[in-house]
Amino acid sequence: MKRWLIVSALAAASCAMTGAAAKDAKRGGTLVMGQSVATSTFNNAVASGTGVMVPGAQIFASPLMHDDKWNPEPYLAERWEVAKDNLSVTLHLRKDAVFHDGKPITSEDVAFSIITIRDNHPFNTMLKPVDTVDTPDPHTAVIRLKHPHPAILYAMGPPLMPILPKHVYGDGRPIKTHPSNTKDVVGSGPFKLAEFKPGDQLVLERFDKFFIKGRPLLDRIIIKTYPDSQTSLLELEAGRLHMQPFFNRVLEIERAKSNPQLAITSGGYQAIGGINWLLFNNKKKPFDDIRVRQAITHAIDREFIAKALHKGLSKVATGPIHSSFPQYSPDVTRYKFDLKKAEALLDAAGLTKGADGVRLKITCDYYPGDEDGQKRIAEYMKPALKKIGIEVEVRAPADFASWAKRMAQKDFDISMDAAFAWGDPVIGVHRTYLSTNIRPLVFTNNAQYVNPRVDELLAAAEREPDADKRKVLYAEFQKVVTADVPLSWVTELPYHTIYSRRVRNVPVTIWGTASPMLDVALAD
Amino acid sequence: MSAEATVRSEHPTREAARVFMRSPAAVGGLLLLAAILAVALAGPFVLNVDPFDITAAPLTPPWTGDALLGTDQQGRDVLIGLVYGGRATLAVGATAALISILIGIAIGALAGYFGGTIDEMLMRVTEFFQVLPALLFAMVLVTLLSPSLPTVALSIGAVSWTATARLTRAEFLKIKQLDFVAAEHVIGAGRNRIIWKVILPNALPPLIVSATLAIGTAILFEASLSFLGLGDPNRMSWGLMIGSGRSYMLSCWWGVTFPGLMIFLSVLAISLIGDGLNDALNPKLRERR
Chain B
1 MKRWLIVSAL AAASCAMTGA AAKDAKRGGT LVMGQSVATS TFNNAVASGT
51 GVMVPGAQIF ASPLMHDDKW NPEPYLAERW EVAKDNLSVT LHLRKDAVFH
101 DGKPITSEDV AFSIITIRDN HPFNTMLKPV DTVDTPDPHT AVIRLKHPHP
151 AILYAMGPPL MPILPKHVYG DGRPIKTHPS NTKDVVGSGP FKLAEFKPGD
201 QLVLERFDKF FIKGRPLLDR IIIKTYPDSQ TSLLELEAGR LHMQPFFNRV
251 LEIERAKSNP QLAITSGGYQ AIGGINWLLF NNKKKPFDDI RVRQAITHAI
301 DREFIAKALH KGLSKVATGP IHSSFPQYSP DVTRYKFDLK KAEALLDAAG
351 LTKGADGVRL KITCDYYPGD EDGQKRIAEY MKPALKKIGI EVEVRAPADF
401 ASWAKRMAQK DFDISMDAAF AWGDPVIGVH RTYLSTNIRP LVFTNNAQYV
451 NPRVDELLAA AEREPDADKR KVLYAEFQKV VTADVPLSWV TELPYHTIYS
501 RRVRNVPVTI WGTASPMLDV ALAD
Chain Z
525 MSAEATVRSE HPTREAARVF MRSPAAVGGL LLLAAILAVA LAGPFVLNVD
575 PFDITAAPLT PPWTGDALLG TDQQGRDVLI GLVYGGRATL AVGATAALIS
625 ILIGIAIGAL AGYFGGTIDE MLMRVTEFFQ VLPALLFAMV LVTLLSPSLP
675 TVALSIGAVS WTATARLTRA EFLKIKQLDF VAAEHVIGAG RNRIIWKVIL
725 PNALPPLIVS ATLAIGTAIL FEASLSFLGL GDPNRMSWGL MIGSGRSYML
775 SCWWGVTFPG LMIFLSVLAI SLIGDGLNDA LNPKLRERR
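Quick mapping for you: the protein sequence lines, in order, are chains B and Z.
Just so we're aligned, residue 1 is where the first sequence starts under the working numbering, counting upward by one.
Just so we're aligned, residue 525 is where the second sequence starts under the working numbering, counting upward by one.
To be clear, the hints were calculated from the coordinates, so they are not data collected in a lab.
Bear in mind the structure is a predicted one, so any value in this text is a computation, not a measurement.
The beta-carbon is built from N, C-alpha and C at its ideal position, and this holds for glycine as well.
Where hints are given, some of them may not hold.
Capping the alpha-carbon separation at 20 Å, the derived lysine to aspartate or glutamate pairs in EDC-like fashion look like this [to be verified]:
| # | chain 1 | residue 1 | chain 2 | residue 2 |
| --- | --- | --- | --- | --- |
| 1 | B | 353 | Z | 574 |
| 2 | B | 387 | Z | 574 |
| 3 | B | 340 | Z | 643 |
| 4 | B | 361 | Z | 644 |
| 5 | B | 103 | B | 228 |
| 6 | B | 209 | B | 356 |
Derived list of chain B stretches under chain Z, where covered just means 3 residues or more per stretch with a C-beta under 8 Å from a C-beta of chain Z [as the list claims (entries may be wrong)]:
| # | region |
| --- | --- |
| 7 | 386-397 |
| 8 | 424-433 |
Per label pair, the in silico range of CB-to-CB distance [to be verified]:
| # | chain 1 | residue 1 | chain 2 | residue 2 | range |
| --- | --- | --- | --- | --- | --- |
| 9 | Z | 592 | B | 257 | 21 to 31 Å |
| 10 | B | 350 | Z | 574 | 17 to 27 Å |
| 11 | Z | 572 | B | 334 | 33 to 43 Å |
| 12 | B | 334 | Z | 587 | 31 to 41 Å |
| 13 | B | 408 | Z | 549 | 35 to 45 Å |
| 14 | Z | 775 | B | 26 | 48 to 58 Å |
| 15 | Z | 773 | B | 179 | 39 to 49 Å |
| 16 | B | 408 | Z | 674 | 45 to 55 Å |
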């Protein structure tokens, strides 16, 4: 009863908000949206990345949605219950929902989708505890868990849990290469795929039998790929592009700010939780010495990076969890910019200066593809660490594959790196710190950090159903990890959406444009 | 015989120098290049700073702060970058030109002298390299070898020797039929001597011009590669400045304009010198004056 009240109050509040913001939000119109990474598949059950999740969330509906305050809301599931023992979640599906081919969406499809995602999605911790999915009737699905798994409330959100038609994808062909991932996609969401030119653009059209009446407002969404941010900004300025989400180039954001036709928002990225950091090779001398890691962390002027390099568009990161997450704790070991302390720490670690003032020569890699969040910070390390006698050689990666190989083979001293948290620490944070996740793969625990207490805390937090108790576990995790400093967190990534002032109801829920754009509209 | 040749060759050299010095454009180019070289070679000793140091707030426009020509997106002084960047750029240009000239002369000389099957084979190889898009090929090489100054120089040299090879071959084909070469054959001179000591010195004038212009081309090549992000990120060069400033061009014109201007001036100076040398070393043109 209580939950129902909360849900309906929220629904009323969001209606009121939408109503106020969208007086002239009328039906119709074609929204032209830009993206920086090309879409290679629409099946976000088996792939991650914004190029898949943004269109995927339009084409496929998920059991739940979330508002901008992390509250789960009904979507394909009109109600849901978490069992008292926290070992099952029951979804009560809408009875009027159909796929784009007209066939009804049933619990069989939900069960098929959940098991498919569990077994194929790159985020392998997301649904790992799911044992089976029972389907007592066509509109009820019961997810059985091996142990309590609170993250599932976010794993059931739009970018992560597309409900696929079993009659299309369950035909026995391998799901990762299924032809319907890119052609004749039969979705369950508000938009259907009308046209797809790989590497160029894709056209989504309103699905008229969508189960939420009167939604979506737009007739059509065209998503164009612009790998170069300057081009997309010019297109935005020319009015040919209405919206560009996941924009992280600070100078272009600055320029957009001064354009009266354009607006920017940092809303819509709360659940993305992107942080960049300097990775230390903890298994390699001298980075196995905590004093060396502390010294380097003290020598990085994060305020300079956030205020000057990022023009104040990013925030200093204090630890492993993004500050927009409910599990974030500010009570952590902080490393002030302090060169004297850094030098003292290096002296204590036995790294004394040679006659040329150099203590140590190291290399610094970076993940290619995010100039402001990676390359410029890697280049900043060169003058910054020189001040404490560390000579840095920046190793420019030729492409993503060559950087990924260096990370996988642990062939590095320090490297800039970043990760998205995707809704829950279990999904996107644990992978970087669990000692069991030291694997020859990129975006794993490549610092090779081992702390049994951290493993214990994360294992407990993964299963803790009580949100407050869970927060306490994560608070301790953040304290321990920041004290160990296996990597040095730099900034929260400066993601923004740049949009034309004609766009109404820009998506600002925790998932932003990686959730269905039901209320987005275009004014004249 | 060779003593006599030496005596005779001194004269044209002096004459060529006189013709060269009479051309205002050539002298202007020489002075410009000398000035650029002086700054590039001596500048770092005078300034004695690190061009990668952050000296002021990023993106300070020129003539507003301490940095005369402003600072780039990282807060590095553009003027200091220009002074230090000259060394790397000119060094890459000269090394790459040297590599390309050496490969070109070797292949052209052998093809021209021996003719026949050897010529056929070497010219097919040359054509193979000629039809490859040079910049694309250089990009592949730099990517494979990982970007650094030596690999950039090597890659540029490896893709730009074909014109020199063609020119050398043509000169050899022409000169090998002349009487003094026949005389060398008669007195029993070896192949090595005829190729490198007899024909090559006489083929040099056009090759010198070509080599000079090759330096200019190589500098432009280095800039193009850096523009595409394939420069050495640890050595300041004009190309690197342009490459890293490229994505900030809309808001920070000074980050790319000044190094671009330096590249323009250097290549212009080298071209003027090349032109002057061409006039001075080409007897036909000399007579026309």
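Each hint tested on the structure:
1. Our distance criterion of 20 Å between C-alpha atoms is met by residue 353 of chain B and residue 574 of chain Z, whose separation comes to about 18 Å.
2. With a C-alpha separation of about 11 Å, the suggested pairing of residue 387 of chain B with residue 574 of chain Z holds against the 20 Å cut-off.
3. Restraint check for residue 340 of chain B and residue 643 of chain Z: not satisfied, since their Cα atoms lie roughly 68 Å apart, outside the 20 Å limit.
4. The suggested pairing of residue 361 of chain B with residue 644 of chain Z is violated, with an alpha-carbon distance near 51 Å, which exceeds 20 Å.
5. With a C-alpha separation of about 40 Å, the suggested pair residue 103 of chain B and residue 228 of chain B falls outside the 20 Å cut-off, and the hint is violated.
6. With a CA separation close to 73 Å, the supplied pair residue 209 of chain B and residue 356 of chain B exceeds the 20 Å bound.
7. Figure legend: the region 386-397 of chain B, annotated as covered by chain Z; annotation consistent (5 residues with Cβ-Cβ distances under 8 Å, at least 3 required).
8. Here the region 424-433 of chain B counts 0 residues with a CB under 8 Å from a CB of chain Z, which misses the bar of 3, and the coverage is violated.
9. Distance hint check: the CB atoms of residue 592 of chain Z and residue 257 of chain B are about 29 Å apart, consistent with the given range 21 to 31 Å.
10. Between residue 350 of chain B and residue 574 of chain Z the C-beta distance comes to about 26 Å, which sits within the given range of 17 to 27 Å.
11. For residue 572 of chain Z paired with residue 334 of chain B, a C-beta distance near 36 Å keeps the hint of 33 to 43 Å intact.
12. At about 39 Å, the beta-carbon gap between residue 334 of chain B and residue 587 of chain Z stays in the expected band of 31 to 41 Å.
13. Here the CB-CB span from residue 408 of chain B to residue 549 of chain Z is close to 57 Å, at odds with the stated 35 to 45 Å.
14. At roughly 36 Å, the beta-carbon separation of residue 775 of chain Z and residue 26 of chain B lies outside the given 48 to 58 Å, and the hint is violated.
15. Checked against the hint of 39 to 49 Å, the C-beta distance between residue 773 of chain Z and residue 179 of chain B comes to roughly 42 Å, which is consistent with it.
16. The hint said 45 to 55 Å for the Cβ distance between residue 408 of chain B and residue 674 of chain Z, and at roughly 27 Å that hint is violated.
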